[in-house]
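K.L.:
For reference, the chains in residue letters:
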Amino acid sequence: MLRMRHWTRLVVAVALLAVVGSGLVPAPGMAGPPQPAKGRGDKCVEPTDWMRRFHMTVLKHQRDDTVHLGIRTEKHSLKGCIDCHQVKGEDGKPVTVSDSRHFCRTCHDYAAVHVDCFDCHASRPGEATKTGGATDSPHAGIAVGPSDVTALNRYLEGSGR
Amino acid sequence: MRMKFEIPDDHACAGGKGCDCEPSVAHVGAGGAVDPVEVGRRWFLKTAAAVATTVLAPGVTLMTFAEVDAAHAKPAGEAVSSRRRWGLLIDAAKCKEGCTACVTACSNENGWTSTGHPATDAQWIRTLKVTSRSDGSTFQMPLMCQHCANPPCVDVCPTGASFQRADGIVLVDRHICIGCRYCMMACPYKARSFVHEPLQDQKPYAPRGKGCVESCTMCVHRVDAGGTPACVEACAKTGNVAMIFGDLNDKTSEIAMRVATYRTTRVRADLGTDPGVHYQNI
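Protein chains in written order, with the working numbering: chain A, 1 to 161; chain B, 1 to 282.
Treat the hints with care, since some could be wrong.
Pairs of lysine-lysine residues, derived as DSSO-like cross-links and limited to a Cα-Cα distance of at most 30 Å, are as follows [as the list claims (entries may be wrong)]:
no.: 1; chain 1: B; residue 1: K74; chain 2: A; residue 2: K79
no.: 2; chain 1: B; residue 1: K96; chain 2: A; residue 2: K79
no.: 3; chain 1: A; residue 1: K60; chain 2: B; residue 2: K74
Quick look at which bits of chain A chain B covers, simulated, 3 or more residues with Cβ under 8 Å [what the hints assert, rightly or not]:
no.: 4; segment: 40 to 49
no.: 5; segment: 62 to 75
Please keep in mind that the hints were generated in silico from the structure rather than gathered at the bench. By construction, the Cβ of each residue, glycine as well, lies at the ideal position given by its N, Cα and C atoms.
Work the whole structure out from these sequences, hints included.
P.N.:
Okay, structure coming up:
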């Protein structure tokens, strides 16, 4: 009787281990670690591992330099990230942050860290212009439908996950 | 006939050491004169860098004049300095009543549009119709952030978000603006507005968003790249040429010469804000 109990315990323990163990490896079809969109060119402006950890520090430093001192180097600018790591949607145009495939969202959704940058900043490349940005109509060439606006608002207000 | 531009000696440093004005200004003394030919030569030498020359074939040369003015284009990695003071000169006599080219250009450039709430919509620049109480005569003038040397908006900002760049451009750092709107109250020109609605697809070079105060940036992204503000460019395109942009500290610039030559006015100069925007014929 005692022996039977031991046997039962062992079976239960093995079964439990099997269940827990299988949880560590994602089953086919389940989402694994995020795979953010690769940028243009061979490598990032800094080593990839370093950027994963410190990109926010670099961006914050650059933002102060740009706004207060007028330093507009491209290397560590948010605009540089957005230009290089754009993800094309079905319509062939870069997706905005309202789309879960967006470069920033891939990781930030996974890590559950909310990005506030795009409350103000453009989340996709705009017309390539620095000194002659004026077009005949605002947002020319970028079609934004009501559903895009709703999706973006949902995301920005934190309920779009 | 050669005309002489008299430049009064209002340059306080008198060329002594410690002055960081342009060495090329040569500190024209009291009653000193600047020869327009000399000014033209300087301008040409400074602007010549913006001319790209390509030899297409032996004996055939293609010259293109870039729109940016190399004279004030700074390297992207260089910080702005107080050697410059950017300013505008607006001639109300040349501003045609009913024309809104500057307003449209600003809106297109910076992406601010009507949200259907005219009482609270963003308004970086607007045209004013000024009517004389006595004789009923009218004129029109554009009004935007006056980029004061002593900006009240900067004085009152509790977070330091409202600030003045070294080159005199007054901006809002939206990263630290908490949207209290104290600066809107303080501004004697009603130049600032608040974003009430969520926005999308802003211009990459002109970020703006809900919950922040904003105003004319003197198209800082263009200026840093050597360009001129969109309103000035649009006004020139209409043929009215009522607006001039330039460096008030550079005595050889068109704006500084005109400010020195003609009697210009600044709106509510009595407040001592020392605006960078000068007006003529108001």
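K.L.:
Look at each hint and say if it fits the structure.
P.N.:
Verification of the hints:
Distance hint between B:K74 and A:K79 is fulfilled; the C-alpha atoms sit about 20 Å from each other, no more than 30 Å. Of the supplied pair hints, the one linking B:K96 and A:K79 is violated, its CA atoms being roughly 38 Å apart against a limit of 30 Å. Pair hint A:K60 plus B:K74 holds up; C-alpha atoms about 23 Å apart against a cutoff of 30 Å. Counting residues of the segment 40 to 49 of chain A whose CB falls under 8 Å from any CB of chain B gives 0; the rule of at least 3 is not met.
Counting residues of the segment 62 to 75 of chain A whose beta-carbon sits less than 8 Å from any beta-carbon of chain B gives 11, enough to reach three: the coverage restraint holds.
Against the hints set out earlier in the document, violations occur for numbers 2, 4.
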